[in-house]
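Novice: For chain A, the structure is supplied; the task is to place chain B on it using the hints.
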Amino acid sequence: MKKATIQLETLTCPSCMLKIEGAVKALDGIDKESIKVSFNTSKVKLNFDEEKVSLEEIEKAITAVGYEVKKSQAK
Amino acid sequence: MQLYILRKKNSIALISGILIATAFINKWTVGNIDIFTWLLVIASVIGAAPIAIQAYQALKVKVVSIDVLVTIAVAGAFVIQNFEESAIVTFLFLFGAYLEQRTLNKTRSAIKELTEMAPESALKQMEDGEFVEVEVEEVDVGDVLLVKTGAKIPVDGTVLSGEGSINEASITGESIPVKKEKGSFVYAGTILDNGTIQIVADRVGEDTTFGKIIELVEEAQDSKSEAERFIDRFSKYYTPAVLVLSFIIWLISKDIELAITILVLGCPGALVIGVPVSNVAGIGNGARHGVLLKGSEVISDFSRVDTMIFDKTGTLTLGNPSVAEKEYYGDNIKEVLGYLASIERESDHLLAKAILEEIGETKFSPVEDTKVVKGGGIVATLEGHRIAVGNVALMERENVKLSEKAKASIDRFEKKGNSLVLTSVDGELKVLMGVRDQVRPGIKEDLRRLKKLGVKNLIMLSGDNQGTVDLVGRELGLTEAYGNMLPEDKSAYVKKLIEKEGKIVAFIGDGVNDSPSLALANIGIAMGSGTDVAIETSDVVLMNSDFSKLPHALGLTKAIARNMKQNIVIAVGVVLILLAGVLFSEWVNMSIGMLVHEGSILVVILNGMRLLRYRLR
Numbered sequence: 055m056k057k058a059t060i061q062l063e064t065l066t067c068p069s070c071m072l073k074i075e076g077a078v079k080a081l082d083g084i085d086k087e088s089i090k091v092s093f094n095t096s097k098v099k100l101n102f103d104e105e106k107v108s109l110e111e112i113e114k115a116i117t118a119v120g121y122e123v124k125k126s127q128a129k
Numbered sequence: 156m157q158l159y160i161l162r163k164k165n166s167i168a169l170i171s172g173i174l175i176a177t178a179f180i181n182k183w184t185v186g187n188i189d190i191f192t193w194l195l196v197i198a199s200v201i202g203a204a205p206i207a208i209q210a211y212q213a214l215k216v217k218v219v220s221i222d223v224l225v226t227i228a229v230a231g232a233f234v235i236q237n238f239e240e241s242a243i244v245t246f247l248f249l250f251g252a253y254l255e256q257r258t259l260n261k262t263r264s265a266i267k268e269l270t271e272m273a274p275e276s277a278l279k280q281m282e283d284g285e286f287v288e289v290e291v292e293e294v295d296v297g298d299v300l301l302v303k304t305g306a307k308i309p310v311d312g313t314v315l316s317g318e319g320s321i322n323e324a325s326i327t328g329e330s331i332p333v334k335k336e337k338g339s340f341v342y343a344g345t346i347l348d349n350g351t352i353q354i355v356a357d358r359v360g361e362d363t364t365f366g367k368i369i370e371l372v373e374e375a376q377d378s379k380s381e382a383e384r385f386i387d388r389f390s391k392y393y394t395p396a397v398l399v400l401s402f403i404i405w406l407i408s409k410d411i412e413l414a415i416t417i418l419v420l421g422c423p424g425a426l427v428i429g430v431p432v433s434n435v436a437g438i439g440n441g442a443r444h445g446v447l448l449k450g451s452e453v454i455s456d457f458s459r460v461d462t463m464i465f466d467k468t469g470t471l472t473l474g475n476p477s478v479a480e481k482e483y484y485g486d487n488i489k490e491v492l493g494y495l496a497s498i499e500r501e502s503d504h505l506l507a508k509a510i511l512e513e514i515g516e517t518k519f520s521p522v523e524d525t526k527v528v529k530g531g532g533i534v535a536t537l538e539g540h541r542i543a544v545g546n547v548a549l550m551e552r553e554n555v556k557l558s559e560k561a562k563a564s565i566d567r568f569e570k571k572g573n574s575l576v577l578t579s580v581d582g583e584l585k586v587l588m589g590v591r592d593q594v595r596p597g598i599k600e601d602l603r604r605l606k607k608l609g610v611k612n613l614i615m616l617s618g619d620n621q622g623t624v625d626l627v628g629r630e631l632g633l634t635e636a637y638g639n640m641l642p643e644d645k646s647a648y649v650k651k652l653i654e655k656e657g658k659i660v661a662f663i664g665d666g667v668n669d670s671p672s673l674a675l676a677n678i679g680i681a682m683g684s685g686t687d688v689a690i691e692t693s694d695v696v697l698m699n700s701d702f703s704k705l706p707h708a709l710g711l712t713k714a715i716a717r718n719m720k721q722n723i724v725i726a727v728g729v730v731l732i733l734l735a736g737v738l739f740s741e742w743v744n745m746s747i748g749m750l751v752h753e754g755s756i757l758v759v760i761l762n763g764m765r766l767l768r769y770r771l772r
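Listed in order, the protein sequences are those of chains A and B.
Be aware that the first sequence starts at 55, since it is given in our numbering, and climbs by one per residue.
Be aware that the second sequence starts at 156, since it is given in our numbering, and climbs by one per residue.
Chain A on its own, in the form it takes in the complex (with noise of 0.2 Å):
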């Protein structure tokens, strides 16, 4: 297990998050738990499995939903 902190675009809306964690929910290997997606920060934290998913491909399905990754890290 990796923890990832994804740095996003401001967030404006707080139903952005909703779908922000309904599109990292969807992914194989994420701890559903853990996922955290921060409105005022305009952040999400998640613990993800590294077998299974990349932090790629995490960016790439809240890319997906509209919202741009700013910076990422994980660890």
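Since the hints were derived computationally from the structure, they do not count as laboratory data.
By construction, the Cβ of each residue, glycine as well, lies at the ideal position given by its N, Cα and C atoms.
Treat the hints loosely; a few may be bogus.
Here are the simulated DSBU-like pairs of lysine-lysine, each with C-alpha atoms no more than 30 Å apart in a straight line [to be verified]:
(1) B/562 <-> B/607
(2) A/97 <-> B/334
(3) A/56 <-> B/217
(4) B/163 <-> A/79
(5) B/599 <-> B/529
Every beta carbon over 12 Å from chain B, so not counted as near; a handful from chain A, in silico [as the list claims (entries may be wrong)]:
(6) 55
(7) 74
(8) 82
(9) 85
(10) 87
(11) 88
(12) 92
(13) 94
(14) 104
(15) 105
(16) 106
(17) 107
Chain A residues, not near chain B, derived (Cβ > 12 Å throughout) [unchecked claim]:
(18) 56
(19) 66
(20) 83
(21) 101
(22) 103
(23) 109
(24) 110
(25) 111
(26) 126
Specialist: What follows is chain B alone, placed relative to chain A:
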């Protein structure tokens, strides 16, 4: 393509605005209805594109978002060929989103300022002894770094060589230069105003004090209170419910216009955004003023506090007691002071430190048979003499006779608020010392402000003797003051107030000795010197142990709580007025609904922004 359209959202809003303006100018001047209609159709289509894309993306992950509601409403307007409405609604929605983004960035600015203070690079000493600029992530514990004038300290570390003065505003909130020399501790994120120093890295990255503060503040802004979680759950079902409702209305009334108006009016906007906005602006204000508030639950509890309990030493007082009075009896005092110092050297009691400082350089002798008398002092044997160091009770136990002169002095010292340390050699009183801790300057004014802010009970608990405690209590005008309290007595007292008397209690302490009380109190406030456990265990941290920030903290949380309530009232009120308008009058249509909806969002954001400028008067 989808991303491209989304990125150009702001330009689309602008174009659609121009198209709508042109359409209306045309209508009022030339009066060509065809051109008017076509301009509005184009404006609707390009304006609806980004909204529809967002709606589609939301539906893909099974979320009914506001975009979905608006998209359906616009489609409905198209069906009944009301292009005026569809164009204006899409424009207002996009333009509103743009304004929201701008203003939201403002409310988040205080915290952004803080995170931008994070150091980015460092001059690291390489194997060949040269200093090379590297990214701060590449610095490890133990690396030697060079910091030049004007640069940021990249990590928490210790000064190896050189000296300079540092502005520690990012940690303490005070922009007063602090002098640093060899052996001084320096904090990441602080700025070297002048001088050049070399430091060795002790803590890096997220482990530094600055890193911890940022993480804490970031988490605090997004932490949710019970009420917010309720709103979140509510909005999850609310939007689909609005969709269903408008569908039912359409089925019953066959009035598409009414159904799509309901869709637009039902958009949850101000309600979901109002509380987080107050939260982020308020916590940002605190962070700027050296007050760390850990989340919105803390804010709501803290704003209702009616009882504040203070630890004495280090909280109400400065916490470094010194010998204020002394009296010697008989001869060979030099020798006795040597004995006293030898015994105190082995103790880590605060009083011992003060006494050692007072005695200064002396001859130490080996201490044997040390016995600690609980609640009394220490008895030991030195060079064949039986020495007792402690309070009056210990002297009585040791059958030390106190002369009239000594008794009078003891009385006098105690009345002045001293803690007494008596030393006897072979049953004879030799030294009497009065140790006193000074109250913090300006604390009376701070306490008066707390009272003015509505704190009814100001209570002091201390391990010190009741005489000293009474004296400080009277001097500061506290409601109650209790002495001779062990840490477990303090926590039992806190528990009693909360459970038996139903008080909302804040406990203010140094965060180490008082951790049980800090944890038990409704609000634990740590006087953190910007470090350590205090930051992690408490609900509120006063940076740099600055007591004067406490009134600001309390006033601020009250302001935040008020602000949240105002925002909720605004949000709910607007929805109610609009609904009443739809049901009982003619003036509400889709465009006005959208205008009021976006307007109310901006109003709650602007209202939240006022918190950024909050100051205690």
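Novice: Which numbered hints turn out to be false for this structure?
Specialist: Numbers 1, 2, 5, 7, 12, 13 and 19 - these are the hints that the structure violates, sorted from lowest upward.
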